[in-house]
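Please construct the entire structure, taking both the sequences and the accompanying hints into account.
Protein chains in written order, with my numbering: chain A, 1 to 403; chain B, 1001 to 1406; chain C, 2001 to 2242.
Think of the hints as simulated: they come from the structure by calculation, not from any bench.
Wrong hints could be hidden among the right ones.
Listed below are the simulated BS3-like cross-link pairs for lysine-lysine, each with C-alpha atoms no more than 27 Å apart in a straight line [stated by the list, open to error]:
#1 Lys2148/C - Lys2063/C
#2 Lys1253/B - Lys155/A
#3 Lys208/A - Lys2148/C
#4 Lys2043/C - Lys111/A
#5 Lys215/A - Lys234/A
Part of the chain A face toward chain B, derived, beta carbon under 8 Å [as the list claims (entries may be wrong)]:
#6 Arg19
#7 Thr266
#8 Val284
Given the structure is predicted, the values throughout are model-derived calculations rather than measurements.
We put the beta carbon where it would ideally sit given N, CA and C, even for glycine.
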Amino acid sequence: MYKLILKMAWKNSFLRPARTLLVITMIAVSMSMMLAIQGLYDGMVKNMIDKNKRSGSGDISLYAQDYRVEKDIKYIIKDALKIKEDIQKLEGVKAVVLRLLADGLLSTARKSSFASIHGIDLNEEEEFGEFSKFLKQGEINLNKRGALIGIELAKTLKVRVGSKIIFSAQDSSGDINSIALRVRGILQTTNVGLDTNSIFVDIKSLHKFLGTSSKDATQIAVMGEDEKLLHVVKSNYSNLDVKSFLELQPMIKQMQEMMVIFNSITFFIVMSVVFIGIFGVVYVSILDRIREFGILLGIGMQYKYIRVQIFLESIIVGLIGYLGGAVLGIVFLVYLRDYGLDLSSFSDALEMWGYEAVITGTIKVSYFTSTFWAIITASVLSVIIPLRKIKKLNPIEVIKAEK
Amino acid sequence: MFSFALKNILFYKGRSITTFILTFISAMFFVVFVSWQDGSHNSMLENSLKIYTGAIEIYHKDYRNVGGNEYLIPDAKSITDKLSSIEGIEAFSTRYETYGLLSSKEHSAASMVAGIEPEKEKVLSSIALSLRDGEFLDKNSANCLYAGVELVKKLKLHVGDEVTFVGGASDDSFAADIFKLCGTFKTGSFEFDSTASFVSRAYFDELMYAKNMASYITIKVKNLDGVDRVNSEISKVLDDEDLESLTWKTLMKTMVEAMEVDNVFGYISLSLFLVVIFFVIMIYGFINVSSRIKEFGVLKCIGLSRANIFSLLFFEIFILSSAAIVLATPIAGYICYYYTINPIVIEGFAEMYKDYGVVSNEMPFDFNIYTMSWNLGLIYILNFLSILYPYFYINSYEPIEASRHV
Amino acid sequence: MRRIILPILMMTTLLIASEAENIIKKLDDNMRGQNIYMQISMKISSLSHVRTMKMQSYSQGTKKSFVKIIYPPREKGITFLSLDNQMWQYVPKIERVIKIPPSMMLQKWMGSDITNDDMVKQSSIVEDYDPKIIKRDGSVVTIELTPKEDAAVVWGKIITNIDTTTYTSKKDIFYDEDNKEVRYFIYDKVKKFGKYYLPTYWRVQSSDKENRYTEIILEEVEYDRDISDMYFQNSALKRFSR
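Next comes the structure, spelled out in structure tokens:
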């Protein structure tokens, strides 16, 4: 029996092909646009967070107490090397790096600018956050007094790959020291602080320059998303300043929350309107066939079968619409993921806020599952009122009456 | 045709009501959303501007690029005299900014020390309003220093303490003095609060040999929307190729772009909404038309032309849209107007977004007839577009075929 | 003003070709123990105005120096003390001694064309550059100085014209890395002080802007004068300010 119902539902759905097609198109287009937008927004935020973590603090950062306020070389983590080794053994830790930081003056023959110097270990940074991906020009090479410079700083000082720059700062004994460096590459991390202010050199060279021990470091950055990890690190190293990424950047947390709210609202509004569309069509299609239903009831067809048929009709349309939307959506999302949306004319502002000029989207399974349920729900809900109309039918009256 | 359309509308209530409601909602939503977006942008802008940057500022060319005492405005009065004749300027003031070292007993910090005209600044910027402790300056403040709270924290000072100032005068000679901290301010912008401090020009000019000189002249306009017009008048009046007059659009270029980005995203989301509504209106229109195929067939048989059919459909949608929009306009307009005057206040909003330069908890709307008109116009156009497909659908049937349609 | 002394030392010790290296080192060592007193007049010209200052400078080797400004009256009595890498300043008007933080020390000195490179340089031209003779014209030898790979100097190269009769430079031209001229020093009015010749007129000129320059005239120079250690203590700042 149900096989028959299914067949009838299928045939009936396409009774008026143009009409059905319109609904399917509506569902498909709305859904795919919505998926694309969600992907875009989520992509933006994810991108920003990701870059920030990789170039900056990682998931967790450790500093000596007061360092972040005073920013003086004397606030250094002693025996950082040992701490790093211990942390690496903890569960959930993906990578740990040591960094040495100092503030000073960066000069060329024509210009000087205040800057921060970051001593890093290239191989470890590569493992930590794919450091080489930040390279915009030149090459990733810190050999022979090589330095990598943030793109905005390079613009301010008017330096290029190959330029010589002199960095002067107070070392650990209070003396002012200078070191000659060659720009080997220009970086763009979209981490605003780094791009406008920082140069990167080999950590061992920087230790020598500052006169600090290679066992110490200014910052220990940890990659590892485990919730418990943060607690463990905080309790193990309570004498140090231990902060998670979100604690260091509360702004981003809020941005994430805003995105979720925003996406949910959009989703809800769009689905409601889709519901209205499906409802109208279903209602009219039932009204059109009221005589047929009356006849069916009259010849003894049970109401429940008719109910199932109506549900099926609506669900069929919903599903086909969903599939269309999913296919189109995938096309959009893949395009956005691989090519991105080019907003480079707004690049100044975007980069200031830490976004890239070309925004890539992400694809999440949840997009598809949540829209699936939403469409099914809309389809199912939309038949309720029309069904009641059928229920109240008096078969004889219907057959007798003119349309 | 028109009366025919009217009858149809009243007869086919289902379609009419749904179309009416959808158009009404989309019009309202569109207008209110855009008004809110524009309003909050304007407010963000005004608030950032109010802190310190002027709507228009007059500089010596090269001051912003190169800086230094070489590019100061040597005769500020000759410029300010010309300004008083320009309509649209609400207030102006001269500022002499310099960078120097402020030292307390144990701590030193580099700071921007600016000589200002306190009476004028009260009108122009919000530094006087941002007072935290002590008092703001007036022209008799002598060596009083008015400094940002973060700067004061760095130097570990209290109101009443002495602060040493060391820097370069306008002729590069050595300048040093002892100031007294008379007041502190908090604008909410961390960078500003940790590097800025102010002294009354009456006193500072003596120390700096800067009488009648200025780093730049800052101007407040009566209406932000007309800023470009006022700026071009100023340029004409200045008549000096060494000077340039810039609006906030150049001075705060990044903020302008940030707003544009926000707009882009806002419109993207809005377009999604409108697309969906467009489809639904079209679907209802289509259903309505497809159930009247027989009717249309008969009409065509008795001689109604395609043009007539078209105008019938057109009038139907016209009446519905207009009714909806006519109803929506005053309501949306009122909402916009109301919230323009009484902005929505979200407590804590400024605290959350202070790093983005948001300093106020208010979110006003923007009441702009031009914007509202094009918003509504777009809704109209969408509605008219929605009858196209149904129209073609009708024409795909031969009249005889149509009149026999079941 | 030991910073001015360094270039002086370099000019007077620079000899031709690599045979010079041993001799330079000896002379260099020789110079280090010296006490030098100078009275200097400095004229600083920029786009908008011209300013003149006079000061007295006492220095011991390269690590200690004491400077007092004696003209103009407005700035008279301001004293600077520099010991190793630290610098203090006393301003009589406000009766305060201020320690100059390292960041300010790296900036231009009082608006003149003397840059941080001059101020902070520890090593000598001998250590940081490789000399090469490129021209001989009578007694004037033109030498091109190229910085060594690791030398912490901002210049791309320096071309110096040395008068071998006095072993003083007549003109030094400083180039950036792209071989464009940035500034030049002109030396004139060479006088003899004991065993050494010294130009008593210097001019530092920006290559781009004609009226941006700093002129230094050494009005009095005394080598090997007895300079009391009292000048190189913090108490000197106030004591010798009057």
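- Query: Any hints this thing doesn't respect? Which numbers, in order?
  - Reply: Those not satisfied: there are none.
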